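Chemist: Sequence:
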Amino acid sequence: MDPNNGEQPPAPEPTLPSAEQMRARRLAKLGATTSSTDSKPSADQKTSANGGASQNASKPPSATSTAPPSRTSILAQNAAGQPSSQTPTARTASASATSGGAGAGEEQETHKTAAATVAAIPASSTTVLRPEGNASKSGFAAASAAAAASSLCSSPSSAKRSLGDADPAAASSANAPTDPPARRTTTTATGSDAGNSTTASPAAAAPAAPIPPPAPVNPAELRARVTDETIASVLRISMDPVRTKDRQGHPLRFLPELRKSLLQDAGLDDQPEEERPEEKPEERQQQQQQEGEPQPEPKRQTSTPRLTVDEIDAAIYEVCGHYDLKRSVLDYLLPCYKTATRRLKGKTSVPEREALQEIKRLCLSDMLFALTNYDFFNRESESASDPKPVRDSIVPYLLREPGAPLALDMDFMVDAVARFDDPGSGEEGQVQGIFTGAMLEISESLAKKSINDGSCKPYVDAMLLYTRFKPLVVALANDPSFYKKSVAALGIESDTLLGPFFRLSPLQPEARSFYFSGNDQARAGGRSSAQSELRNHQDILHTIAMAFARAGDGPRNRLLDWFAYAMNVNHKRRALQVNAKEVASDGFMMNLTAVLDRICEPFMEATFARMERIDVDYLRRHPRVDIHDETKLDADQAEADAYYAQPAAGESKFISEVFFLAMAAHHYGSGGVVQKYKDMDRQIKQMEDQLARFKEESNKLLAAGANSPLALRAAAVVKQLTADIERHIVHKHALEAVLLDEQMQQRALMFMRYVSVWLLRVASGSDYTPGKALQLPLPAEKPPAFRCLPEYVLQNVVEHFKFLFRQVPRILPSAVGDEMVALCITFLESSEYIRNPYLKSSLVSLLFSGTWRMYHLMNGVLGDALSNSQFANRYLLHALMKFYIECESTGMHTQFYDKFNIRYEIFQVIKAVWPNDLYKRQLTQQSRTNRPFFVQFVNLLLNDATYVLDEALSRFPKIHDLQKQLQDGGGTLSAEERQQRETELQQAEGQAQSYMQLANETVAMMSLFTQALSDAFTMPEIVTRLAGMLDYNLVTLAGPASRNLKVANPEKYFFNPKVLLPQIVELYLNLGSQARFVEAVASDGRSYKPDIFANATRILATKGLMDPSSLRAWDSLRGRFAQAKALVDQAETDLGEIPAEFEDPIMGDLMVDPVILPSRHIVDRSTIAQHLLSDPKDPFTRQPMTADDVVPATELQAQIAEWKAGRLAAAKAKSTAAIAAATDAAAAAAAESADAKEASTASSVADTANASTDAVPPGFEDDPMDTAE
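The opening residue of the sequence shown carries number 7 in my numbering; numbering runs sequentially from there.
Fair warning: there could be bad hints in the mix.
[As the list claims (entries may be wrong)] Derived BS3-like pairs: lysine-lysine, alpha-carbon spacing no greater than 25 angstroms straight-line: (1) K638 to K738; (2) K888 to K1183; (3) K706 to K691; (4) K917 to K691; (5) K491 to K353.
[Stated by the list, open to error] For each label pair, taking beta carbons as the anchor points, the in silico distance ranges come out as: (6) E607 to R627: 20 to 26 angstroms; (7) L470 to K491: 34 to 40 angstroms; (8) H1167 to S960: 54 to 60 angstroms.
Calculated from the structure, these hints are not laboratory results.
The structure displayed is predicted, hence computed values, not measured ones.
Yeah, the Cβ is synthetic: ideal placement off N, Cα and C, and Gly gets one too.
Required output: the full structure, derived from the provided sequences and hints.
Modeler: The structure is reproduced here in structure tokens:
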């Protein structure tokens, strides 16, 4: 039925009898007596149903029939904890009536809905009315009136259900009980003991009375009752001074002023509470129990008004006006709002829904007004001694755990944010100010916390809650505090909105001590915890950043501006000396880098399909990233300024923005942290050495005098150094935990792969992707866009991969592709594209790192790609040889030492790929098709071998002497002298180690090359120098001076003559098939000594350093050297003294192919060719020149040839004349003597070649191979 009309409800449909009805009938059949009741409702019942006071209240009730208590009296009894006085008969009738009206399930649901309340609210004894002239509430009053005038549900069936749900007792018989079955009791009066009350047993129970029909229902009264009860239960208020608790026992606030106002409006008098007759419900109930009378519910006072929707606003105002001054009014309004919201989500009647909606609206409005106008409720202290009212703020409610009674929930946020764009609410800008101000306060408080502090989580969760609402994000982005250009580098962490959130990191000083103090086991556990916490936090930071990026152009641009500003003010992080007070912290910058990598992740596909969206012209469109003071790849500052002064058309897309921001973040952020991590070991080592010295000095001072000032000062220094070392170790572990996080490094690795491909595309002007062909060398005209890129674009890639190879190799095998090989080979082959020689050498280091053995990969992560990829097979060897030549002059003050380190790494890469015969064929091809290039490469290889072998071997005699001095004269040396010797020894040992490593690798590389290409190494330009280098080192290792090579622990210096000597001999064997090499060895007048060669043979044989076949080959080669030596000596004898004009002014030998230099000096062609290989300048004037600048001296060459032929002819004629003048007998004797001499010479040569290993030549008594002392 429709509760708005006066129609009576239809008759209930017949239903099956309930269990209680059946029980009553069975009792009646057993003879129990009961009085039958009239089917029509009594006057009392009608009065109760209409909500008025009973006119027959003084009429005593029957002993067997109980008057129906009103719903108000039942609520009052429940609130007072009194049991119901209804009899089982009455409850049976009520159950029957209920079964014919509202269902039992609906009744239970209604009781649950009516019982739903929030946490207890403290009661107040005084209250005030709202001032009628309050203009700030006029908008809410109008909205309240409009809500009160809304229509009910139009469906009759739903209205009928709603009425039953709202008040099942009114929809059923007026006698329906509301107490639970456990509390039901009954009384029966008999003749002799009518005054006694006992509990009736089932057998003695009276028979059930006839069930009366439902009482007529007044829809208006029902609506009023439902509305009143809904408002009272949600707001926890009461208009009845007697009723101080609800049915659940929650205290209710009595509002006397609102009651008075409502009664005055109704024309009724409100009798003061103190003038009323004292009511004692407990005494009345006890008297009724003694007399055996039923105990009806106390009826509503005549002067108790009902609450309507119109009074909600005034009721809230009265409660809040005198709320506890120590608490915020939100403590009252928020639970009321949440209760109304929760009940609206369930089944409610139309009147109940209207009341709940108005409560929800007004509570929200009042909360917002309280937050914007702190004097809105006129809360004032009664005296000066009372505390001032708490200032209402939304911050505490944002920081509470979600789900807490006083925490803001999603419903509140949705409704509050909806007010942002409500032009008719009169709150434009005020609501936004509430939330932005709260978040600024949260951000400011978070700036003082650390990630290990558990209290920081609510602050981060509050920001996460904001990010779920676009209007909130927009409001935050538009706030001036979001991004301030005046903030310094360090202040960006605390003085901007997002700074404190990005500041949280295990690298904070408090967090470092929390996670990484203690022993190694504790640090391992702390590392795992720190990494887990950091991952979760960086996920949250990414969510926050993406919320701003997706909130529209305005917030997105503000976010990008903030990111860029953080980079631009932190350029000093890459300075040689970094002042921590002038730059942002490592944790802040690492979080920026990680978040930007996460933002780039969606477009970093494995197929590189979105590479076209990265616009290289971004840097010409007034970029956010400042690269003005950065070194460019191949342009000076003037060229770069001129290029960027020409702006490009169009607008940069978001992908381009974050791509360049991420590159800058890796340079200033993670790159700076990696550099600090590298320096940390060196700093700790220096401090430990310093601590050891101070401890030694402290012990001496303590031995001299324990209480001396110097001893105390030394002890204090030792203590301070110990603490500093521990602090550095803790810091190092914190850096490891952050930098070695594999998930973060995997994303960074993918980004670096993208940068590599993008660089190759920009440099080549192609659409290169891994798998596509790339033509080398690159175009001769270098693209300006590439030349003017900041140097850190390439440096980031190289340094990051080198760090991963050393520290996080596990993520590399499945993540590195062909683009890394292509990047290194391309810019080594076209090295002119990069100006910085150190950056170019880093490419070699990257290839070298990729060849390290790793897990199951024998040749490292890049080894297979270098050996098998078509691109590497075509360009790798030439690129390495080209840079081997180029690094001779790096342009830096350390170039002399840098070139050896670079060439060492080049050797390692070549050794890794050398098993592929294709590279051997390429070497042969280079020697034939590009002869000058190959000769220059071999010449530098010989220079290195000569230098490093000489430097390394010359260090061992010094080490030998210093070790002997410290060992033999250790007791006679003073402390100062001993320290000086130790310093010299340490320096010599370091040099010997470095040079010996290079020497071993150089000799090994020469062995590989000479074995594959012996004829290329015996060209006239280099063969003489090669033979001299080998002869000199053979004398050092096998001659008398080798005894000075004996040192303690030779393996410490990578020195093993038992390996080095066979390698030198193997070089002889590889080149022995070339006649020019044999002649060059024999012509070496300085170092070729047959007895040294013989001693080398003895050492190899006695020590078993070479196999027999190699020994036989070596003996044969020694014989050829001896024969060649004899021919050379004979030729020198025949030529005699060489005229000065035919002699080479540099080498002092007879010129064969004289040429004229630009300085007009004449030298042999082979001499100037060797000189130009190392120094492209005229040896006499130091002016630049090339081999093409020489002019053949043909006339002089003819004169030399003529003079040489004449001298040889004269020598031959002289010998012929001497033989002809002899007599036949003399000729025969001479012939016999000549035969004997020839046989003796051959025997001597054979004896030398097959010298017994037992015969030790003079001066070789000490075995030079026994190098260990």
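Chemist: State for each hint whether it applies.
Modeler: Going down the list of hints, with the structure as the test:
1. K638 to K738: violated (32 angstroms)
2. K888 to K1183: holds (20 angstroms)
3. K706 to K691: holds (23 angstroms)
4. K917 to K691: Status violated; Cα separation ~34 angstroms.
5. K491 to K353: With Cα atoms ~55 angstroms apart, K491 and K353 exceed 25 angstroms; violated.
6. E607 to R627: 20 to 26 angstroms: holds (24 angstroms)
7. L470 to K491: 34 to 40 angstroms: Taking Cβ atoms as reference, L470 and K491 lie about 28 angstroms apart, which means the hint is violated.
8. H1167 to S960: 54 to 60 angstroms: At roughly 34 angstroms between Cβ atoms, S960 and H1167 fall outside 54 to 60 angstroms, so the hint is violated.
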